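> Here is how the chains run, residue by residue.
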Amino acid sequence: MIQFLKHREAALGVIIAAMVAAIGAYAPAFVSLDNIIRVLNDTSILAMLALAQMMVILTRGIDLSTASTLALAGMISASLAQNHPELPVIAYIGLAIVTGIVLGFINGSLISFLGIPPIVVTLGTLAVYRGMIVVYGGGNQVNASEMGDVFQSFPKLSVFGLSTLFWIMVVVALGVWLFLSMTRTGRGLYAVGGNPVAARYCGIDLPRQQLLVYTISGAISGLCGYLWVSRYGVAYSEIASGFELTVIAACVIGGVSIAGGVGSVAGTLLGALFLGVIVNALPVMQITPFWQMAISGAVILAAVVVNARAEKRGVKLILPEARRAAGAAK
Amino acid sequence: MTLSSTSPSPQGGGPVLSLDHICKSFPGVRALNDVSFTLNAGEVTALIGENGAGKSTIVKILTGIYVPDSGEIQVGNSPCSFSSPRDSWAAGIAAIHQETVMFDELSVAENIFMGHMPVSASGLVDWLQMRRRAAELLKRIDADFDPDAKLKQLSVAQKHMVEITRALSHEASVIIMDEPTAALSRNEIDDLFRIIAQLKAEGRAVVFISHKFDEIFRVADAFVCLRDGERVGSGKIASVTEAKLVSLMVGRPIDQVFPKRDIAIGSTVLKVDGLSNATEFADISFELHRGEILGFYGLVGAGRSEAMQCLFGMTPALKGTISLNGKPLSISSPGDAIAAGISYVPEDRQEQGAVLPLGIRENITLASIASHVKNLFVSKSSELQDVRKLGKRLDVRAANWEQQLGELSGGNQQKVVIAKWLAAKPKVIILDEPTKGIDVGSKAAVHDFIGELAEEGLAVILVSSELPEIMGLADRVVVMQEGRIADIFTRGAWSAEEIVATATGAQKVA
Amino acid sequence: MNVPVRQAIADAAPRKMSDWLLRWETILVGLLIVVIAGNTAISPYFLDIYNLSDATYNFSEKAIVALAMALLIITREIDLSVAAVIALASLATGLAAESGAPLIVLLVVGPAVGIVCGAFNGFLVTGIGLPSIVVTIGTMSLYRGLAQVVLGDQVIKQYPKDYTAIGQSYLINWPPLPYSFVIFLVLAVVFAVVLHKTAFGRKLYAIGNNPVAAKFSGIPVERIRFLLFVLTGLLAGLAATLLTARIGSTRPNIALGWELEIITMVILGGVSIAGGSGTIPGVVLAVFILGLITFGLSLINVPGIVISVILGCLLIVSIAGPILVRRLLRGR
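Protein chains in written order, with our numbering: chain R, 1 to 330; chain Y, 331 to 840; chain G, 841 to 1172.
Check each hint, because a few of them may be wrong.
To be verified - Coverage of chain R stretches by chain G, computed from C-beta distances (three or more under 8 Å per stretch; other residues unrestricted):
1) 108-117
2) 123-129
3) 150-162
4) 215-225
5) 245-259
Claimed, not checked - Restraint-style ranges between C-beta atoms, simulated for each label pair:
6) R:V171 to Y:R470: 57 to 65 Å
7) R:V31 to Y:S414: 52 to 60 Å
8) G:K1037 to R:P207: 19 to 27 Å
9) G:I1012 to R:G115: 41 to 49 Å
10) G:R1166 to R:V159: 48 to 56 Å
11) G:L861 to R:H7: 52 to 60 Å
12) Y:A451 to R:P207: 28 to 36 Å
13) Y:K719 to G:F963: 39 to 47 Å
14) R:V31 to G:G992: 27 to 35 Å
15) G:P1143 to R:A11: 46 to 54 Å
16) G:W860 to Y:K704: 25 to 33 Å
17) R:V171 to Y:A451: 18 to 26 Å
To be verified - Residues from chain Y shown here face chain R by an in silico Cβ test under 10 Å; the list is partial:
18) H427
19) M432
20) D456
Derived from the structure by calculation, the hints contain no laboratory data.
Quick caveat: nothing in here was measured; it's all calculated off a predicted structure.
In this text, a Cβ means the ideal position worked out from N, Cα and C, and glycines have one as well.
Just chain R, same shape as in the assembly (with noise of 0.2 Å):
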């Protein structure tokens, strides 16, 4: 009935509260309402862009170019900024999207008319929409000075004592649960992922959801650049590199199949949720950020264990006496 709260989603959401709760008894204010309101702040950014990664996974894609796209994305509304600082805050907002559709639906259009592996296009494209960054702003950065007050202000406005970067984060989590599971297009990814063939055979065309999904995912990229740009006040060519990757790894946490057809909105914020809670305790429980990175790739290599068992599939039942205990376990 619930189909939101299935046991992979719930048992994560089990092993974060433990943790915080772990967390907060050796270090209490880790539990306050600011931290917590601080860590849902942070994660945010990588929560849009893990949704965004988690339907391209779904149709067994990869796209590596998340994090150029949204660097290029806010570097190109951060320009605007600096040279209309007059604009009124949706105009920066909307070039960047404007950006990312344009981005993702390059990446798109490789991928579906062309048919090369989508690793190979965003492998391509992570450089060169880096790259542009410095071909584009002749390899000046624009500073938090230079971008005007109505650019870096509106991400932090508080509405109901969260940011507006979480609200909007709840918009695009909202949205994409919406498409995935009250849309044909949406269910319709899954049906892709889990099984091309079949998929054919209901008439779902793999190509048309291919464009689609990656012109989304450069769509919250492009969204995603504005947002981290005004929030760290700085725009240069290096900014959330590497980032990709700790996308990823947020959709392997939060249970997404990188085969395909498998991965949920909810499991996939849990999973963001999750890096989020880690990177904001290191400091807390005064260990060094450098832990950081060696704390996800194991957490990474633990969740695909978890997940892989869990998604082992079980030899043939011919047997009647296995297939009758196979029956008493359910």
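Based on the hints, put chains Y and G in the right spot on chain R.
Below, chains Y and G alone, put in the same frame as chain R:
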């Protein structure tokens, strides 16, 4: 005017769908040549023919996967062309495929409605309506499972029912069933036939594809027989006999198809005792002799291939012993089995047997490559010697030995795969459905060749679901049912009815 | 004319000029000539033997890893952790140098760490059966993360002279050939022979084209894949030894992003990401093309990140081009 060979049926309704002079070719193969027939409302038409006769091409054309090269499809009385599965549904055609091709991770309701989910006015999927309609449809065929269950939780038979429900959900006027009974038990088959009767009563046209004649005679009203991509016969089922259908299918009387060679059976080569694994098969014990062809018969999913693959070292055994020429063997990988002299020609040629993108030479020497290594390097001339010899012996037809295996016809691919296993110089050769999906000519060659192998003193295990093939070639038949050996029959002391009854787990014929 | 009597089947198809011309390696040779001509036209400094020799520094270490990566990709696997392995191996070399270990230890410790890292990757992929792309994304974080934990924001610089000499002097003085380039050339020949002439190489292609059929043919698919992960780790470790000697320092961000450059070399070299096809000569040509483009552009002071735009475009165009050409030919 529609060219029809079946006269309008008095009990059925009018023609629902007709194929007119359909032709379809693939590179190197003419899959369908000028095929025409008509389906009538309220009638079950059996589409029969051997593997590779063109049945699945017809299914794919009717479901919009393939577009015919020429010819016309008429639905009602208007010509249609299907360029995608959607077009085909829109015309009221739905198919239930040979293998359940669906979505394990999604719910039953979604599987039923994938591609045409009900949407509300807002454009969003109407889950409530979808569940309700799924439940209604399931109830119509007396399926008692939850539309919210994930498909992977269901049994094979239940998945089949989901597929049937899926066809019903289209309100299709034509329902194609491609070997729907292959994986079903007797009771489940009875359920299926009850559903088919109901579909007939509702005035739908059903295309029933099966290899089992008892089913065809039980359920069909009319038949269309294909051979080598051409329609070789059609008419009312009541007007033909089984023997007549068989001869239509194979193009010659049955007793000439499998000439049994007279071979002296020698000493025991392979002895398998109590071979078991956890869930797939148990207590598999048999002896195999020099020059003997031992048939393994059973329903699809009876555990035959699983037992053979374990014997070959693909999967670990839980218990049991294997000995070859009196010496106990410890086999933990296919490499061990090959080294010991056991070859296994797998059932799924495309997936398990052939490496399609590689050349014929590389395929033939794949399992025996070590024997061609001279001073660290593979000697091409040594390979070619073997390849020429085996290629000639198996009558492989190709342009040259470097040609990609994928460019050959199915029959020639199978010959190459068998050649690969002979190149490994086995003492025991296991052939798992060696004639599945190959053309009649190649099939006869393979049959002939199996006899030849036995004559040369090899011990042969022939796993087959085609009873005539087994009865024609084997000296003894091991019948498996639900993972166990149900009985072993000896040539001369068997009847087809007895073997089938044993395989299906029915009461033994007295 | 159709002859009813069957003719003997030829050993091989008659060789056609068009087949040869359409081979990927031929296209790469053409591309390489264009690059060399272009570089010569752009800069008078290009065709200088010492400049060319120095140019090999910027690709030899990556190219060594690319050889093993090619074999891995041919068998349908991938290793994204190679650059992180280089970081960890460089760190181990640095720690050994700090503790005053002799030269031989400094040379061996990197490859040894590489073997351990590769074996861990291989175990997770073949032992537990996890997809290599996810596993190596994980170990990529893990290995570089461990290097970061140990190093923090420190730099190791105390390398003995006899060690750094390996990275900074020539193995042969005329023609001037650096150690790393010679090692790459020797390994390339060995890899080419193994892949194209031995039974082992044949098995790799069989695995890449159809792992199931390969397993049914008695090929120990998982064991071979495990070996290839270990080999990739070993060569990444070797690359770390050479790189560390050349730059004489170890930082946590050493070789950052190299995995993508290495994979680009392999794919541009004609190795299909789907497995089963590709040649070592192709990879070697791609290494030279990429290396010389980078060198040529840096001669005219194009910034590194712009070079990466050009290389990224080259990767996509080189894959998309043949697909488009084939489509146009078929569409005619």
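> In ascending order, which of the hints set out earlier in this document are inconsistent with the structure?
Result: hints 3, 4, 6 and 8 break, sorted rising.
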